[in-house]
Structure formats: structure tokens, C-alpha cells
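Asks: Please take these sequences and the hints and turn them into a complete structure.
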Amino acid sequence: MSITATSPRTAAPAAARRAPRRRFRFPYQPVAAILVAVLVLGVPFWLVIATASKDQAEALDPNLEAPSDWRLLDNFATVFGDGRMMSAFFGSLLVMVPAVVGVLVLGSMAAWILGRRGGRLSAAIYALAISGIVLPPAVVTIVLLLRQLGLAGTALGMIGVYMGMYLSTVIFFVTGFVRTIPHELEEAARVDGAGPVRVFLRVILPLLKPVLATATILICLYIWNDVFYALFVIGGRIDTLPLNLYQVASAGLYLQNWHLIFAYIILMSLPLLITFVVAQRRIISGITSGAVK
Amino acid sequence: MLPKGAARPRQKDHPLWFLVPALVVLVVFFFVPTLFNFVYAFTDWSSFKSAINFAGIDNFTSLFTNGTLLNSLKVTLVYAVLVALFQNAFGLGLALLLERDTRVNRAVRVAFFIPVIMSALAVGYIFQALLKPDGALNGILGALTGADVSIPWLGNTTWTIVVVAIVHAWKWMGLSMLIYLAGLKTINEDVLEAARLDGANRWTMFRSIRFPLLAPAVTFNVATALLGSMNGFDIVQATTEGGPGGTTELLNIFIFRTFGQGLFAQATTMSLVLFLLVTILAFPVIRYLRKREDVL
Numbered sequence: 001m002s003i004t005a006t007s008p009r010t011a012a013p014a015a016a017r018r019a020p021r022r023r024f025r026f027p028y029q030p031v032a033a034i035l036v037a038v039l040v041l042g043v044p045f046w047l048v049i050a051t052a053s054k055d056q057a058e059a060l061d062p063n064l065e066a067p068s069d070w071r072l073l074d075n076f077a078t079v080f081g082d083g084r085m086m087s088a089f090f091g092s093l094l095v096m097v098p099a100v101v102g103v104l105v106l107g108s109m110a111a112w113i114l115g116r117r118g119g120r121l122s123a124a125i126y127a128l129a130i131s132g133i134v135l136p137p138a139v140v141t142i143v144l145l146l147r148q149l150g151l152a153g154t155a156l157g158m159i160g161v162y163m164g165m166y167l168s169t170v171i172f173f174v175t176g177f178v179r180t181i182p183h184e185l186e187e188a189a190r191v192d193g194a195g196p197v198r199v200f201l202r203v204i205l206p207l208l209k210p211v212l213a214t215a216t217i218l219i220c221l222y223i224w225n226d227v228f229y230a231l232f233v234i235g236g237r238i239d240t241l242p243l244n245l246y247q248v249a250s251a252g253l254y255l256q257n258w259h260l261i262f263a264y265i266i267l268m269s270l271p272l273l274i275t276f277v278v279a280q281r282r283i284i285s286g287i288t289s290g291a292v293k
Numbered sequence: 001m002l003p004k005g006a007a008r009p010r011q012k013d014h015p016l017w018f019l020v021p022a023l024v025v026l027v028v029f030f031f032v033p034t035l036f037n038f039v040y041a042f043t044d045w046s047s048f049k050s051a052i053n054f055a056g057i058d059n060f061t062s063l064f065t066n067g068t069l070l071n072s073l074k075v076t077l078v079y080a081v082l083v084a085l086f087q088n089a090f091g092l093g094l095a096l097l098l099e100r101d102t103r104v105n106r107a108v109r110v111a112f113f114i115p116v117i118m119s120a121l122a123v124g125y126i127f128q129a130l131l132k133p134d135g136a137l138n139g140i141l142g143a144l145t146g147a148d149v150s151i152p153w154l155g156n157t158t159w160t161i162v163v164v165a166i167v168h169a170w171k172w173m174g175l176s177m178l179i180y181l182a183g184l185k186t187i188n189e190d191v192l193e194a195a196r197l198d199g200a201n202r203w204t205m206f207r208s209i210r211f212p213l214l215a216p217a218v219t220f221n222v223a224t225a226l227l228g229s230m231n232g233f234d235i236v237q238a239t240t241e242g243g244p245g246g247t248t249e250l251l252n253i254f255i256f257r258t259f260g261q262g263l264f265a266q267a268t269t270m271s272l273v274l275f276l277l278v279t280i281l282a283f284p285v286i287r288y289l290r291k292r293e294d295v296l
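Protein sequences, first through last, are from chains D and G. According to UniProt numbering, the first sequence holds residues 1 to 293 in order. According to UniProt numbering, the second sequence holds residues 1 to 296 in order.
I should point out that these hints are in silico values taken from the structure, not numbers from a laboratory. Please note that the accuracy of each hint is not assured.
DSSO-like mimics (lysine-lysine), calculated; alpha carbons at most 30 angstroms apart, straight line [to be verified]:
{"hint": "1", "chain 1": "D", "residue 1": "K209", "chain 2": "G", "residue 2": "K74"}
{"hint": "2", "chain 1": "G", "residue 1": "K74", "chain 2": "G", "residue 2": "K291"}
{"hint": "3", "chain 1": "G", "residue 1": "K74", "chain 2": "G", "residue 2": "K185"}
{"hint": "4", "chain 1": "D", "residue 1": "K209", "chain 2": "G", "residue 2": "K49"}
Now the in silico label distances, taken between C-beta atoms and shown as ranges [what the hints assert, rightly or not]:
{"hint": "5", "chain 1": "D", "residue 1": "A32", "chain 2": "G", "residue 2": "E189", "range": "19 to 25 angstroms"}
{"hint": "6", "chain 1": "D", "residue 1": "Q148", "chain 2": "G", "residue 2": "A55", "range": "19 to 25 angstroms"}
{"hint": "7", "chain 1": "D", "residue 1": "A251", "chain 2": "G", "residue 2": "S208", "range": "52 to 58 angstroms"}
{"hint": "8", "chain 1": "G", "residue 1": "R207", "chain 2": "D", "residue 2": "F90", "range": "50 to 56 angstroms"}
{"hint": "9", "chain 1": "G", "residue 1": "L192", "chain 2": "D", "residue 2": "P30", "range": "21 to 27 angstroms"}
{"hint": "10", "chain 1": "D", "residue 1": "L121", "chain 2": "G", "residue 2": "Q261", "range": "43 to 49 angstroms"}
{"hint": "11", "chain 1": "G", "residue 1": "Q261", "chain 2": "D", "residue 2": "S68", "range": "41 to 47 angstroms"}
{"hint": "12", "chain 1": "G", "residue 1": "K185", "chain 2": "D", "residue 2": "P30", "range": "17 to 23 angstroms"}
{"hint": "13", "chain 1": "D", "residue 1": "I49", "chain 2": "G", "residue 2": "V27", "range": "22 to 28 angstroms"}
{"hint": "14", "chain 1": "G", "residue 1": "A55", "chain 2": "D", "residue 2": "G176", "range": "41 to 47 angstroms"}
These figures come from a predicted structure and were not determined experimentally. Every residue, glycine too, gets a C-beta built ideally from N, C-alpha and C.
Replies: And the structure:
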């Protein structure tokens, strides 16, 4: 053991260091990577694009054959025309935007206090506030509660439910971040006579930008794609894109219309897809930060 | 500099009323419904009558005796374990395959993140089309083997749950891959260099150095995969709707179905079961995984 380990180090250190590196550079790696991507991602994605470009007869049995006639844009137009896609799009925005803004503002306010105050009370509140990350929401009794509050089936009720679900995530992320902000920055503002509201708005909130960006991305992803909680709270009252997709796809009338379902899927994925392509570096670093510490 | 003097104003500088709005929302929309779970699971609340009466443990006994409680519990647990296994295996495999920062690898990584940002419901419908008996996957297999293949991927009472778990893992493996890639980046190059000089081959290096050092990434990935799949709904609803024969009926699928039938108390009971299952399982799992990290 020791002989084989020490002899190359003394005899030819450069060669020993280089030799295994060269072996590590497996020349077929790019080919393998592309092959895996084509098989695992390319097949399903091609199925979606090809089927979404066919006419009804050709799309009856979705297969991997190329469409004889590319009608992707026509199918997009049909989906826009028949389906309630635009109202669903605005319905999605109507519940997502206020919910995201709400959790960010309320979550940051709470996280600032929880990150700064010591003591048993803050620790207990913090533990309770972040328990929602793990615990599943009580989806059935939420509906009952919303009825009692007169919020059943309303956008406000849905916004409240989403806020209740994702405040924990924001408080968890932001509290950790607040603890890394030096106290001196706040002190300086305080010496200048700033009260807590001013300190929070002028000093803390701007510093939270990176962590709030990460939280925004995560929560937008969840809410934009959520169908389960929306089915309980606003199903049949307000359309969102996933709710609409669910109704269209599970309605008997549309069961044979794979081309329209897939055209719908492409259209509803586009907003997040474009956001992702534009900001992929930030999104990826935001999501992975904190997970591996 | 002024520890005593600075400590006192600090409480006033961070007033407790800043917590109030967040706590109000949390209490109203999260904790009260959760407490209601413990109340309404013991009633006969339904859409068929207006009065809600106390019913003791009737809901539990009826769900237990007709077998749905144990079936849904079993299905949810099996699904969660399978998803955690597949998602981590795929994610780690991808991370190792795409570890080096080449242009091809970077592009492929981005491509694998697309399913993560797609709607799970949409992913479910795509795979429903792909896995039909006369669907695209059987078409590929048929072309490869030269025979007519018509495997009912989504119609097998034993194996469909595995197939659906693989679809779930397919959707989320890009996220696990990113977490593993970030974990691999944190491993000190000198440690690997030393092992290489000691003559360790790539498998030994992976097994005894890189994988143990990935413990934080494993914790995060296993915990999120378990939680995500125990709360799963969209993919299963879009592919099998709980079938065939209830073999993929997750707790959430059952809750949705019985809620739609107006059996609110039964749905609440299952919601409570899910709550207890997650509470009983998630915390010990996370603690166990954290302890593994500490050993290093």
C-alpha cells in the first residue's frame, strides 16, 4: 500500500497527477449526455410537439410520427378560441400575484423580528411558523372555514389559503438570511433617528432582495402549477390554467382531442418556460443555495 | 461596545407587532383548519344534510373495516418510498453524468430542469398518452423487438404504482440533480486528489468519499421527495385516477374523490390520517438523516 502510494509521488509527481485526470476525461461523455437527454426528455417532448401539431384524426392515437401537416399555430388558435384560456390565464394571475406579494411582505416582516429577537417566545413562534413546510394543509376543513368566513369560491379565499401554505417557506428562508445581515447596518439608521418601520423598509427589505427572489420563484412555481388546492377552494368558480386543463382533459368531449390538450399544455407552460430561460442562472443558483449547507 | 445598553433598546427596535399579520394569516388559514381536522373527523358532516353531529370514531371504523384506510395508507407509503428511491437515483446519476462544466453538460442540465417547472398535471397527461397500450412507448418497444408490444403500463394492479412513481421521479429528477451537483461542487478537490494518489479507483472514491460527503444533499433530496410524494395528487390523478382497482389511490386522491361525493367527514378523516402520517414519518426521517450528516 504505502509503497505504491509514495513511489509515484516522489518519482514523478506531475505524471501521477496527470495520468488519472486524462483517464477521467472519458471522450464519450458528451455523447452519453446527449443520448440520455434525447431518450429521457426528447421522446416525451417530441410526443407533445408532434401531437399538438396534428389534426384531430391523426392525433387520436398519440404516436411519435411527424405530423403530415404542421398545424401547431392553428391548434393554438383553436385552444385560444374555444377554451377559456385567457380568462384562466388572468385567473391564475389574480390568485398568484397577491398571494406571492402577500407572503413576501408578511413573511419578511415576521422573519426580521424572529431573526433578531432571542428568547424562548421567538423560538417557539419560529418553530410553529415554519412547521407548515413539513405539515400538509388540512384541505377539506379549509373549505368549511372559508364557507364560515364567506370566502368560499372567492379569489380572496384562495389567496389566503396559498398564503397560509407558503408563509412558512418564506419565513424559513428569510429568517436564515436576516441572521447573516450585520446589526451595524440597522444601528446606523437608528442613530439617524429611524423607527422600526423605516429601518425595515429602507435597510432590511432592500438587503433581502436575493433571498426574496429565490422565494418568489419557488412560490410562483407552486401556485402557477397547483391544481389540488384550487380544485377544493375555487373549482368551478374561478378558472386557473391548471384547473382549466383538468376540466378540459377530464371532460368526455375532449377525451379524443389530444392535439388540443397538448397545445394547451405547451401554451400554459410557456410563461414559466420563458421566465426560466431568461433567468436560468439566477433561478438555479437560488434554488440550490441553502440546500446543501 | 455597549452590550448592556444595546441589549435593551434592541427589543423595542424589533417590535412584536411586526409578527402579527403573518401570524393572523397562519392561524386563520393554516392552524385553525388543522385543528378543525381533529374535530370534524369525528362528526357526520356531509353534503346530504345540514346538521353536523358528533359521530365518535365511526368514520375511522368504517374506513378501516372496508379496507380503504389501510389501502390508501399502504399505497401512499409505497409510492413515497419508490419516488424517493427513483428520484434520488435518477438525480444522482444525472449529476454524476453531467458533473463537468462543459457547454453540452450545461445545456443538458437546463433541459432536465424543464419538467420541474412544468405543471405536474400536464406531465401526467403526457405520460398517459405515452404509456397507453397503443401508445408511443409500446411503439418504440415494438420497433426494437420487431414484435407487436401492447403492455398496459397504467393498467397493472401490481406494477402501475411503480410506473407512476417513475413518472413522478421523472418530473422532479432535475431538481435532485441540481442539488446533487451543488453538493458535488462543495467537495474539496484536495481530498479527491489525495485519494487518487493513494490509488483509489473511481468507484471506491465515489463510495467512500464523494457519496458520504453528499450527505446534506441526500438529506434535502430524500426529505423533499418523501414530503412531495406523500402529498402527491396531480400526476396520479392525470395518469390513473387511483386505478386500476384502487392500487394507486393515494390519500389525496381518496380525499378528492370522497369530497366530490359529498362525504366531507370521511374526506376529513383521511386528511387527518395524512397529517398524522406525515407528522409521524417526516420528523424522525429528517432527524435520522441529519444525524448521519453529523457523523462526518
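Asks: Next, verify each hint and record whether it holds.
Replies: Verification of the hints:
With a CA separation close to 43 angstroms, the supplied pair K209 of chain D and K74 of chain G exceeds the 30 angstroms bound. At most 30 angstroms may separate the alpha-carbon atoms for a hinted pair to count; K74 of chain G and K291 of chain G meet this at roughly 27 angstroms. The hinted pair formed by K74 of chain G and K185 of chain G fails the criterion: a straight-line CA distance of about 38 angstroms is larger than 30 angstroms. For the given pair, K209 of chain D sits about 51 angstroms from K49 of chain G by alpha-carbon distance, which is inconsistent with the 30 angstroms threshold.
As the Cβ distance of A32 of chain D to E189 of chain G is approximately 24 angstroms, the hint placing it in 19 to 25 angstroms holds. The beta-carbon spacing between Q148 of chain D and A55 of chain G, approximately 20 angstroms, falls within the hinted interval of 19 to 25 angstroms. Checked against the hint of 52 to 58 angstroms, the pair A251 of chain D and S208 of chain G passes, with Cβ atoms roughly 55 angstroms apart. R207 of chain G and F90 of chain D have their C-beta atoms about 53 angstroms apart, which keeps the hinted 50 to 56 angstroms range intact.
As the Cβ distance of L192 of chain G to P30 of chain D is approximately 22 angstroms, the hint placing it in 21 to 27 angstroms holds. In this structure, L121 of chain D and Q261 of chain G meet the distance hint of 43 to 49 angstroms, their C-beta atoms being roughly 45 angstroms apart. At about 44 angstroms, the beta-carbon gap between Q261 of chain G and S68 of chain D stays in the expected band of 41 to 47 angstroms. The hint said 17 to 23 angstroms for the Cβ distance between K185 of chain G and P30 of chain D, and at roughly 20 angstroms that hint holds.
Distance hint check for I49 of chain D and V27 of chain G: the Cβ-Cβ separation is about 47 angstroms, which falls outside the suggested range of 22 to 28 angstroms. For A55 of chain G paired with G176 of chain D, a C-beta distance near 44 angstroms keeps the hint of 41 to 47 angstroms intact.
In terms of the numbered hints stated before, the structure departs from hints 1, 3, 4, 13, listed from lowest to highest.
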